[in-house]
Amino acid sequence: MQSSGRAQPQAEGRAFTFAFEKINGKPMPLSDFKGRVLLVVNTASFCGFTGQYEGLQTLWQTYKDRGLTVIGVPSNDFYQESGDAAEIANFCKGTFGVTFPLTAKYSVTGANAHPFYQWANSAAGKKGSVGWNFHKFLISADGKLVAYFPTNMTPTSKSVIAAIEAELAKREKS
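In our numbering, the protein residues as written are 1 to 174.
Derived by calculation from the structure, the hints in this document are not laboratory data.
Possibly wrong hints are sitting among the right ones.
The list that follows gives simulated cross-link-like pairs (lysine-lysine, DSSO-like), each with its CA atoms no further than 30 Å apart [said to hold, decoys possible]:
no.	residue 1	residue 2
1	Lys64	Lys170
2	Lys170	Lys22
3	Lys22	Lys64
4	Lys158	Lys144
5	Lys170	Lys34
6	Lys127	Lys144
7	Lys127	Lys34
8	Lys170	Lys126
9	Lys126	Lys144
10	Lys126	Lys22
11	Lys170	Lys158
12	Lys34	Lys22
13	Lys64	Lys93
14	Lys158	Lys127
15	Lys26	Lys127
16	Lys26	Lys64
17	Lys158	Lys64
18	Lys93	Lys173
19	Lys93	Lys22
20	Lys158	Lys34
21	Lys144	Lys34
22	Lys64	Lys127
23	Lys158	Lys173
24	Lys126	Lys34
25	Lys173	Lys34
26	Lys64	Lys173
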């Protein structure tokens with residue numbers, strides 16, 4: 001299992017300048033989450049790692065009141081998210097009880113990647129950029145990309161939880 005990586009400093013502090021569209025079509029500017037720690041994860045409904053939705057929901061339930069927001073970003077970049085918005089939302093809610101925010105479906109790799117993912121992939125470098133579904137980017141309360149976690153690192157792994165708790169502790173001190 002790979003350990004988490006630290007982001008390269010050249011693209012820090014910009015996360016809250018980006019905006020997504022919610023899965024229901026309404027705007028989701030990340031500036032609405034300024035001051036909160038974000039875990040942004042590209043997701044897919046038909047992937048061997050889809051069970052990670054359960055761990056993401058656990059993180060959301062456990063830490064949302066302390067300032068963590070989990071954001072799921074459905075993507076078909078790896079041909080494992082073919083559904084439309086309603087199908088994705090129904091699958092996530094019905095199968096895993098997902099209540100954390102989900103965005104519309106976006107590309108997360110390459111030239112057509114959503115601007116957030118262009119920034120995060122650049123900041124993380126080649127080793128830390130999205131290589132598959134359920135890649136996780138941890139954003140500090142001041143908008144810096146502070147860590148990334150590969151697909152095979154579960155949301156409730158010790159490394160992910162330790163990084164989240166460290167960022168929440170910094171947030172609580174400020």
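Regarding the pair Lys170 and Lys126, is the alpha-carbon distance no greater than 30 Å? holds (28 Å)
Going straight from one Cα to the other, do Lys158 and Lys144 come out at no more than 30 Å? holds (21 Å)
Given the hint that Lys64 pairs with Lys127, test it: the Cα-Cα distance must not exceed 30 Å. holds (29 Å)
Proposed proximity, Lys22 with Lys34 (alpha carbon, max 30 Å): holds (17 Å)
Does Lys170 pair with Lys158 here, judged by a C-alpha cut-off of 30 Å? Distance of about 18 Å is within 30 Å: holds.
Are the Cα positions of Lys170 and Lys34 separated by 30 Å at most? Measuring from Cα to Cα gives roughly 14 Å; hence the hint holds.
Taken at face value, is the distance from the CA of Lys93 to the CA of Lys64 at most 30 Å? Roughly 18 Å separates the two Cα atoms, so the pair holds.
Hint check: Lys93 vs Lys22, CA-CA at most 30 Å. Holds or violated? holds (15 Å)
For a C-alpha distance cap of 30 Å, please report whether Lys126 and Lys144 respect it. holds (18 Å)
Straight-line Cα separation of Lys126 and Lys22 no greater than 30 Å? holds (28 Å)
30 Å limit on alpha-carbon distance, applied to hinted pair Lys144 and Lys34: Status holds; Cα separation ~11 Å.
Straight-line alpha-carbon gap Lys173 to Lys34, limit 30 Å: holds (16 Å)
Violated hints, in rising order: 15, 18; the structure is consistent with all others.
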